[in-house]
Amino acid sequence: MTTVDGPVLPKLIGERVKRREDPRLIQGQATYVDDIKLPGMLHLAFKRSDIAHGVIRSIDTSAAAAMEGVELVITGAELAETLGPMPIGTPFPAPDHYSVATDKVRYVGEPVAVVVAEDRYLARDAADAIEVEYDELPAVVDPEAAMEAGSATLHEGFERNIAVESYWGGTGVNPETAQPEDDSAVDAAFAEADVVVSQRMLNQRLAPNAMEPRGVVAQYEPGREYLTVWSATQNPHILRTLVAAMMGLGEHQVRAVAPEVGGGFGCKINIYGEEYVAAALSRMVKAPVKWIEDRTEAFLTTTHGRDLLGYIDLAAKNDGTILGLKARIIADIGAYEVLLTAMIPTLTGLMMNGVYRLPVVRHELTEVFTNKTPTDAYRGAGRPEGLYFLERAVDMLARELDMDPAELRRKNFIPTDEFPFATQGGLIYDSGNYEPCLDKALDVAGWQEMLAERDAARAEGRIVGVGLSFYVEVCGLGPSAVVPTGGWEHSGVTVERGGKVTATTGASPHGQGNETTFAQMLADHFSIPLEDITILHGDTSVVKQGIGTFGSRSQAVGGAALISAAGKAGDKMKQFAAALLSEHEVAPEDLVFEDGRIQVAGAPEVSKTFAEVADFAYIPVPLPPGMEPGLSEESFFEPENNTYPFGCHISMVEVDRETGEPKLVKMVAVDDCGNVINPLIVDGQVHGGLAQGIGQAMFEEVVYDEDGQPVTASFMDYVMPRAADLPTFELDNTVTPTPVNPLGAKGVGEAGTIGSTPCVVNAAVDALAPFGVTHIEMPLRPERLWRLIQENGGQS
Amino acid sequence: MEIKGEYEFQGPRALLYELLLDPDVLASALPGVERFEEVAPDAYESTMRVGIASVRGTYTGRVTVLEQNPPESYRLQIEGSGKPGGVKADAFVELTEAGTGTTMHYRAEVKARGTIARLGGRLLGGVARLLIGQFFKAIERQVDDRAA
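Protein chains in written order, with our numbering: chain A, 1 to 796; chain B, 797 to 944.
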């Protein structure tokens with residue numbers, strides 16, 4: 001009989017554990033950047049361009065500088081003496097981009113001067129008092145017109161505003177020249193096709209709109225020659241590296257802290273001019289400085305997402321067999337390349353293989369500068385664009401062939417026994433099992449019933465459509481060969497005196513719930529209560545190393561590093577335990593963690609408590625031969641490959657015949673992200689992702705007028721999805737573990753955003769198909785739908 | 797964006813034409829004018845205070861009168877800027893006789909920048925209509941005064 005006291009600890013992996021971080025976040029007990037107040041802190045405000053394109057003729061700072069309480073007013077040209085051009089993280093050629101414009105402005109919102117003042121309001125008033133005169137230049141707004149000879153150009157050395165041109169396809173690409181070695185197979189495939197669908201589609205520009213805008217506090221301590229930067233960032237370690245480089249400091253002189261961060265969605269990966277300026281000005285004025293972005297600045301200056309124009313051709317046989325894909329993509333990247341700008345659209349073509357056997361592809365990409373806010377990652381970052389183009393085209397093909405969209409997809413799926421699967425773009429899909437996921441989605445949604453319901457509604461004169469999409473995406477971003485910042489993640493695990501555990505992760509969360517999922521993993525690993533575990537993150541002086549949180553990599557890469565470090569700490573702990581149990585002649589490998597004890601497997605009477613062993617590790621008398629005291633281990637984990645989660649989304653849309661207003665009445669998502677640590681958190685990620693993907697399909701769009709003036713720079717004009725716009729989501733999943741990390745977890749942060757957008761548009765097109773509609777551009781504005789109905793005389 | 801409309805005045809066309817281009821009349825009729833000076837023939841500089849929502853502020857601007865075709869039509873080029881941004885407008889004004897009165901038809905192409913532009917056509921259009929309405933009421937009073 002066992003004699004162990006106390007309850008048996010339940011296993012937590014796979015359980016719907018509530019997020020431990022939420023109580024403080026929703027009760028105002030968390031510290032965000034704007035909550036940081038330092039003695040003597042000054043405040044920054046930026047004078048920003050209100051024209052899209054022009055040469056700075058003069059800047060008069062005298063009125064601002066004369067205001068009482070203004071410490072410093074500095075122009076871009078003056079700042080450039082201490083701050084060089086900003087670094088980027090891609091290998092593509094890029095024009096110089098200064099934190100504050102030096103001679104020319106290229107988008108509305110670009111900073112031209114900075115004020116340092118005693119309080120935020122004064123700083124803003126002083127910035128307003130700066131007079132800037134420009135020689136206005138024609139604004140470049142349309143990316144296709146931008147490439148024409150005779151268009152105004154933004155940057156010297158970038159003819160026709162072209163930043164990046166790439167090409168691949170056919171049977172192979174010569175990596176040296178990036179030219180196809182033999183492209184004739186594409187033309188041949190299209191020549192033998194029974195049917196080709198072709199469509200120009202816009203994946204429109206979006207504003208990420210994290211609930212917390214950006215913000216930074218910088219404190220340079222001259223006596224210590226040490227800089228501390230607090231910032232609302234997704235990746236404090238990258239911030240540290242880049243700020244140190246810009247400031248001429250070593251990484252040993254810089255501490256970067258991401259306190260609580262209220263959402264990132266990719267727009268807080270980039271390290272922004274304001275962060276460098278805050279650091280430089282803190283050193284200049286010898287005081288800590290703070291800048292907090294307001295919502296208008298967020299619309300104007302935080303990186304935008306998407307904005308890809310696609311010319312898509314898909315060739316197939318009459319039986320639905322897909323023969324080939326051609327994609328010509330034009331990315332409107334805005335005025336500058338920031339950290340990952342030029343890389344994001346390259347993911348679009350890579351992921352346009354989708355879940356299908358594609359015998360041949362031809363992919364052309366042109367990235368174009370325009371007088372708009374620079375683009376960078378936004379939830380999904382290149383993949384939603386590619387999957388939107390592909391899944392729209394596949395849906396058009398189904399309509400053309402009068403095939404069920406589910407069955408057309410099934411027919412072209414990559415078979416399960418062909419994984420790992422090499423795509424035309426050179427990716428290796430780690431694992432996949434698409435048919436069960438499709439079947440489950442059809443079952444959960446009741447696909448046949450939905451079709452019958454649609455037809456019955458149509459018979460009543462209502463406008464109803466059903467849509468389906470099947471996506472695959474790339475997650476768990478790594479290894480280092482493909483991630484410019486390094487593709488590993490770091491974790492530290494310390495078993496403290498008393499048997500409590502502190503762990504650190506470089507995967508700096510901003511809504512992902514790592515404090516819960518990582519604690520669940522450690523609780524199971526050590527068989528201790530969740531409450532005995534603290535997960536620390538976001539501070540480079542606490543978390544020794546890290547890359548950050550993007551590309552759905554927290555669990556697949558960060559979680560793997562955590563479990564590796566926990567393994568090392570656990571192994572050492574078992575050695576201490578074996579020493580304590582030496583009278584029983586116990587080998588460490590015979591020991592297991594069970595219910596707060598370390599015991600011989602199957603013999604709980606031969607055991608020590610977790611706390612006893614932890615205490616012994618710090619006061620090891622006698623110290624076991626060959627051992628160091630303490631229980632603190634760390635691990636770097638570098639995955640051998642990315643992961644490729646997938647899923648099937650199904651929706652139903654009804655359109656009001658009189659007003660054109662679309663209503664999403666059903667949304668089903670069956671996602672496969674491999675093994676799941678916490679289904680509640682996965683559901684939460686999918687919910688948020690669906691809302692954002694539906695937001696793109698139905699509501700959101702950044703609009704510029706012909707002069708490059710943004711006309712959607714407030715929530716009055718930029719429509720965010722709201723709870724009332726969304727149906728109750730119906731979620732389910734299948735589980736296809738990845739072999740590339742020990743957890744078998746693939747990542748889920750972006751999944752919802754990727755599948756839902758084409759799914760909802762497919763449903764809207766299906767609704768209007770009786771009116772002869774084959775494609776609708778996003779967002780699904782009522783006006784747009786109403787016109788499509790009217791063009792057909794209102795008759796279906 | 798385009799702003800257009802028409803307004804019925806109780807007065808002869810020639811009088812309207814004269815009033816609408818009289819600097820003293822304009823100075824008193826335009827809402828919030830703090831300064832209105834003729835700086836060259838048919839060119840005026842003005843300082844105006846607008847007190848409406850997010851476009852609140854003091855604007856300085858220049859108005860040039862072109863293509864005068866009395867008493868039927870003229871064109872205005874307007875450029876103004878202030879803290880909340882700037883506007884450029886190209887306006888065409890036409891006066892037609894309507895019985896004993898006069899109908900004024902106006903059509904302006906307006907380009908905005910800064911906060912004014914960002915707040916979108918909805919607000920800008922509303923503010924413009926409000927200010928134009930105030931202006932017409934003031935002109936109407938001038939017409940009545942002259943008639944009296």
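Bear in mind the hints are in silico, worked out from the structure with no lab data behind them. Quick caveat, the model's predicted, so the values are computed rather than measured. Glycine is no exception: its CB is placed at the ideal position from the N, C-alpha and C atoms. One should not assume that every hint holds.
[Said to hold, decoys possible] Chain B regions said to be covered by chain A (calculated; three or more residues, Cβ under 8 Å):
(1) 802-815
(2) 879-887
[To be verified] Below, a list of computed lysine-lysine pairs in the DSBU-like style, where the Cα atoms sit at most 35 Å apart:
(3) B/Lys800 - A/Lys37
(4) B/Lys800 - B/Lys879
(5) A/Lys104 - B/Lys879
Each hint tested on the structure:
1. 802-815: violated (count 0)
2. 879-887: n = 3 at 8 Å, threshold three: holds.
3. B/Lys800 - A/Lys37: Answer violated: B/Lys800 to A/Lys37 is near 51 Å, above 35 Å.
4. B/Lys800 - B/Lys879: Roughly 26 Å between the alpha carbons, so the hint for B/Lys800 and B/Lys879 holds.
5. A/Lys104 - B/Lys879: holds (21 Å)
Checked against the numbered hints given earlier, this structure breaks hints 1 and 3; the rest are met.
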